Amino acid sequence: MAHAATHHEGTNYLNHERGLWSWLTTLDHKRIGILYFITVFFFFFIGGIFALLIRTELFKTGVTVMGPETYNQVFTYHGAVMVFLVIIPGIPAFLGNFFLPIQIGAKDVAFPRLNLMSWYCLILGAVFAVSSLFVGGADTGWTFYTPYSISLKPGVVLMVVGAFIAGFSSILTGLNFIATVHKLRAPGMTMNRIPLFIWALYSTSIIQILATPVLAITLLLIAAENIFQIGFFDPALGGDPVLFQHFFWFYSHPAVYIMILPAFGVISELIAAFSRKTIFGYTAIAYSSLAIAAVSFFVWGHHMFVSGQSEVAGVLFSVLTMLVGVPTAIKLFNWIATLYKASINLASPMLFALGFLFLFTIGGVTGIFLATTALDVHLHDTYFVVAHFHYVMVGGTLMALVGGLYYWFPKMFGRMVNETLGRVSFFFIFAGFNVTFFPQFVLGAKGMPRRYFDYLPEFEHLNQISTIGSYMIGIGFVVVFIAVIHALLKGEKAGDNPWGAKTLEWTTSSPPPHENFLKTPIVTAGPYEYR
Amino acid sequence: MSTAKTRTHHHAHHYESATHEYDTSKQGMWLFLVTEILMFGGLFVGYAYFHHIFPEIFKIGSTFTDWRLGAANTVVLLFSSLTMALGIYYTQMNDRSKARLMLLITILCGAVFMVIKYFEYSHKIHLGLMPGSWYTADAQAVLEHAKEKFPGLTEIPSNLPLYFSFYYMMTGLHGIHVMIGMGLIFWIWLRMGRGWYGKDHYTGVEGVGLFWHLIDLIWIYLFPLLYLVT
Ligand SMILES: [Cu+2]
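Chains as they are written, first to last, in this note's numbering: chain B, 51 to 581; chain A, 75 to 304.
With the rest of the complex left out, here is chain A (with noise of 0.2 Å):
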């Protein structure tokens, strides 16, 4: 693959310009982005909701994540998204072997960001703490384990499966949108491989980036309300 050839865009018949269309193409992102913001509001909401009426069972809940793999996720996509946003800045300098380089490290971040989620999840099934019906955990060993963060703790609420609900919920519609992120990178990647995208056109990379930065900026509110609950 060369990146020296050089593809030039050709703006659609219906914009005036190639100004025109990348402002109207980036206001078209940032509305998507409301709507990815409104559907996730949802989770949040009743997040809310529950954690009012039942905030034991958040806490109890919380005890089974590990903070120091959530953190490590949390760097993770924190790192991932300057990549992205040298990834755009090389692509407007009009490097875009350095640019790929910056999309692949972006992949890679996603990658062993997904890793760590599968480990988490795993561990979590492992030891039967499903959502809702699925919940199969041993009680006897959850008041153990609970205890040795609540020692007063005297018995496990009976819904306490409605934490894992959310936590795979919320974390399961996150990772979800990580992998479409990652498949959207690399096309772009492979594109620029083809000689797509420079100073002139960088709409694509700077709109599949903003998507990034919203899984990101996601992230961060999941990452306390999961993990970090007291």
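One chain only, chain B, in its complex shape (with noise of 0.2 Å):
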């Protein structure tokens, strides 16, 4: 990154000191998140190449470029990855790293030292995930469901010991992040006056404090049953398996919300921005993210309609589960409605707040299809699913992720990302990916169940169509990925707010100086003041 860096007079973030070294070693919340930047599209590109391995496989039936023990290892790393290594920490510990304290005001997160620590915990549990390759590999998809996953296999021992030490760099960061909104806002930047991206990431926090553990002890006892058989989740000692899916989803639903949570604040963001109008609702907006995740920690139940779970524990989760819907359906109310006679900025990060709204609100929909036990029946367990959760994932947390990189960009680094470079990539992964996952819920629909190898002739269409869109997907990612290249080496040099935005982190020079502000900013305003 330093190179970037060389063309600026005056000291900032990124020339306040040199070396590889002094990157390894910082204690600044910016730097630890472009540390995050750089971490997680590494590993987004080979969770990528993984998703690009099953469409191929899955182009026609039968072998197509790999046998059925390889292809089960590819998709249990494709969600692996994809899960711990990108979504999870995709936009809080990058985007919310970098510009949590500064739209508050702060100089830094509260406790720097331990901010650097998660993004090590992050780094050894992903040494430890991919370790996993050389002693056999993990086949039980991401989700480690027993007894399989207790066949004392070496790899899903460290897999699962990988994604224990990655938990701990979420919790941290989760426990960080709520210390420093409450203690180190700026005079008169009181709880109404923070940004909603901040309110986002709040409640992200306290799911990540909140459930994370719970996925903490679920994987050490998964460790514990690979080597010392202690039964808890094996029927042949006694134990129970779907007391295992109970504790795995416990936190595995509410990590659907530190998943999207964060991409809800991006948005929230941009619509306001690029609609140069305050925002409609601001604090309906802000209490529903908090609303959403006080709910997600009493849905967990829908992924176990079909587990043998009672049937009024199946209503009763079905109920809680729709209930998901009114703060969600909040947020995009209010969205639409700023959109309404605003003054719309089409620029290339807008445009990945609108796909964002186009795509979600198709996946937050069959979310609820799901959640009606009785269709669920019928679709548990197929390609709905998956193009119901990529919808959500993709379609929501990485579209919003990407405009987020582009809206923020010039703030990191000074520098434009170039308009046209941004509309083409938004153009083939907005398009590829309808094409990629709209056939999938056809597919699901018709009873394609999910992670089978191989599919019957009639469903060989689709899939078809099916992997194109993904290769546009890639292709679309490369051209994200030339367009970062191109602003770092050649980018139009940005003013301190190219966007004419309101909040904090607009008002401070592009990129930051060392500690954020050259004088601690006094807050009289709330956050999105335009018209």
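In short, the hints are calculated from the structure, not lab data.
Treat the hints with care, as some may be off.
[What the hints assert, rightly or not] In silico lysine to aspartate or glutamate, DMTMM-like type, Cα no more than 25 Å apart, as pairs: (1) B/Lys-569 to A/Glu-90; (2) B/Lys-233 to A/Glu-90; (3) B/Lys-569 to A/Glu-95.
[To be verified] Covered by chain B, according to a simulated footprint, are these stretches of chain A (three or more residues, beta-carbon under 8 Å): (4) 79 to 88; (5) 116 to 124; (6) 156 to 164; (7) 202 to 215.
[What the hints assert, rightly or not] Ranges between beta-carbon positions, derived for each pair: (8) A/Ser-91 to B/Phe-419: 50 to 58 Å; (9) A/Tyr-295 to B/Glu-469: 55 to 63 Å; (10) B/Thr-120 to A/Gly-257: 29 to 37 Å; (11) B/Leu-425 to A/Ser-207: 52 to 60 Å; (12) A/Phe-193 to B/Leu-425: 56 to 64 Å; (13) A/His-94 to B/Met-167: 17 to 25 Å; (14) B/Met-167 to A/Met-167: 27 to 35 Å; (15) B/Leu-425 to A/Ile-111: 34 to 42 Å; (16) B/Leu-183 to A/Tyr-295: 34 to 42 Å.
Owing to the predicted nature of the structure, the values given are computational and were not obtained by experimental measurement.
The beta carbon of each residue, even a glycine, is placed where N, CA and C say it ideally should be.
Reconstruct the complex from the two isolated chains, following the hints.
This is how it looks when you write it as structure tokens:
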């Protein structure tokens, strides 16, 4: 990154200190954010290759490029890498680390040392997860369902230990963010004036510290099952494999909101900035994030409608799950109301935000389908589910991540992302995404099961369309990569506030100085006072 | 090591004052304790669930724990919480030598706890009372032993090893925390010997103290759940 800095006069966080060592030992939240940026995009690249391998294998029936055993490993690594190393740290640890302190007028996060340690936890976790490849690999899927996952495979042990350690990265980041929001806001920055991105990160952090420890103990138990055969989840030893599902989803459903709430925050920022209009329903959007975080702890059973859960529990979980639709819809309606009669600037970050509104709505509504118990019996474990959560996680989180990257890039590096490249990447990702995943809704409704290596001949056409779409997404992300490199090397110089946005980060220089502001800002107005 | 020399702590650049830093650190510590409780919470939920379906294995299994040793460990840990609290108190009073003595006693209590735990473990391992499929205890001997307390018993449930899985997982995870806690207190003790901490700066001492109290608290729940099942 140093080359970007050399073109700048004055000192900023990039040239404040120099050399690789200064990056690896940095306590500056901005630099740690950049470390996450590199890490997350690296693993996104790895996870993306696995995704393309899956789609290539499914292009035709029978063996296309790999055998069934390899296929099982490939989808496991795709899922585990994307969930634990990309989407969960993606927005909070990268954009959040960089912008949370700046947006509230702080000099750093509350615990900078802990912040750096979180990054090393992620790296160490990743090393464990990747090393599992050398001892036979893991083929359980990212959900590690028992009893298959406790059949004494060293690869599974290394994988869960990796996820366990990476989990601490998430826990400690959440802890840091909560303390920072509580204690380090600039004078005048009341809780009613913090940007909606902060509200989203704050709600996410609550889930991170309350849910991730449960995942930690669950993964620890899976490791213990493999090493000591303790038998909690092993029916052969008197244990209960469904208990594992309860534990796992008690974390992993809220984890869905760890993945999507920060994206909501980014979208709020983008919609306000590019509509040039005060956001509609600030309070409603802010508190709906908290509401989603709260409800998220009581819906996990919707993953277990066909796991032998009692009917009463099924009905309760079904109703509670549908409840999540309420705060989520509140957000969507408020964003749309903000767009109404606004002076919309269709710059590339805004394209991603509008794309998000479209794709996330489909992802959310199909979630309601799946929450309907009777329908879920038919759709459970089919490609309908695969399409649904990709609409949420890719169509939602990744769209917001790229939109947020383009939006904040000028602030982070002092250079603009080329608008044409930005638009081209949007076209490929948005179009490719729909080409990939819409056919999967149809495939799922027709009964094609997920995670299978092969399928019936009548599913071949739709699978081929889906595979072509995945290549389009691949091209789209290559364009994102080119856009980033191009911007770093030759990007047009950005002013302090290229978008004319109103939140605090745009009042400091681009890139920001070491301690974010030359003088601690004094806040006298809300974050979106446009008109 | 002289305790006469006092080092002044400068608050980090992103805080307005030492108090500001202290308040924030303390909040961070409480948040961390929340995550610890939730992590142990998973085990407690698992315990409650299996205790509900198989109450008999918990009753029979607990006859192999010695409540006197458990009670002794409870007393040891409770006492260590007192010395830990006194350690913080003397730090705040700027009496570093007394504070260090208290920290040392706390560490010793932790060591006593672990030694007692060691004897309990080795006794069980000797009898083959191991978790899950490692369980090798002689069925007849187990039945004879359990009959002392439950005379009507005719056979030992086949999933009795599950009780020992809980026993080892819960006390094992707790034991690891005790050792981490001892390490942290030792680190504080060393730093205090070099002149750190005093009436103006005792964040580290208090943070470690909170952690130690939590370890104590978790044991207070583990003791009845594993030793006093009726
Ligand atoms: Cu869910």
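For each hint, the structure was consulted:
A C-alpha spacing of about 13 Å is found between B/Lys-569 and A/Glu-90, which places the hinted pair at or below 25 Å, so the restraint holds. In summary, the hint linking B/Lys-233 to A/Glu-90 is supported, as the alpha carbons are separated by about 11 Å, within the 25 Å threshold. In summary, the hint linking B/Lys-569 to A/Glu-95 is supported, as the alpha carbons are separated by about 20 Å, within the 25 Å threshold. For a cut-off of 8 Å, the count of residues in the stretch 79 to 88 of chain A with a CB near a CB of chain B stands at 3, and the three-residue condition holds.
By the rule of at least three residues with a Cβ nearer than 8 Å to a Cβ of chain B, the coverage given for the stretch 116 to 124 of chain A holds, with 6 such residues. With 0 residues having a beta carbon nearer than 8 Å to a beta carbon of chain B, the stretch 156 to 164 of chain A misses the requirement of three or more and the stated coverage is violated. Check on the stretch 202 to 215 of chain A: 4 of its residues sit with their Cβ under 8 Å from a Cβ of chain B, so the three-residue criterion for coverage holds. Here the CB-CB span from A/Ser-91 to B/Phe-419 is close to 54 Å, well matched to the stated 50 to 58 Å.
Look at A/Tyr-295 against B/Glu-469: about 60 Å separates their beta carbons, and that is inside 55 to 63 Å. A hinted range of 29 to 37 Å is violated for the C-beta pair B/Thr-120 and A/Gly-257, which are about 44 Å apart. About 41 Å separates the C-beta atoms of B/Leu-425 and A/Ser-207, a value inconsistent with the hinted range of 52 to 60 Å. At about 58 Å, the CB distance of A/Phe-193 to B/Leu-425 agrees with the hint of 56 to 64 Å.
The given range of 17 to 25 Å is respected by A/His-94 and B/Met-167, whose C-beta atoms sit roughly 22 Å from each other. A hinted range of 27 to 35 Å holds for the C-beta pair B/Met-167 and A/Met-167, which are about 32 Å apart. At roughly 38 Å, the beta-carbon separation of B/Leu-425 and A/Ile-111 lies within the given 34 to 42 Å, and the hint holds. Hint check: B/Leu-183 to A/Tyr-295, Cβ distance near 40 Å, so the stated range 34 to 42 Å holds.
Hints 6, 10, 11 from the earlier list are contradicted by this structure; the remaining hints agree with it.
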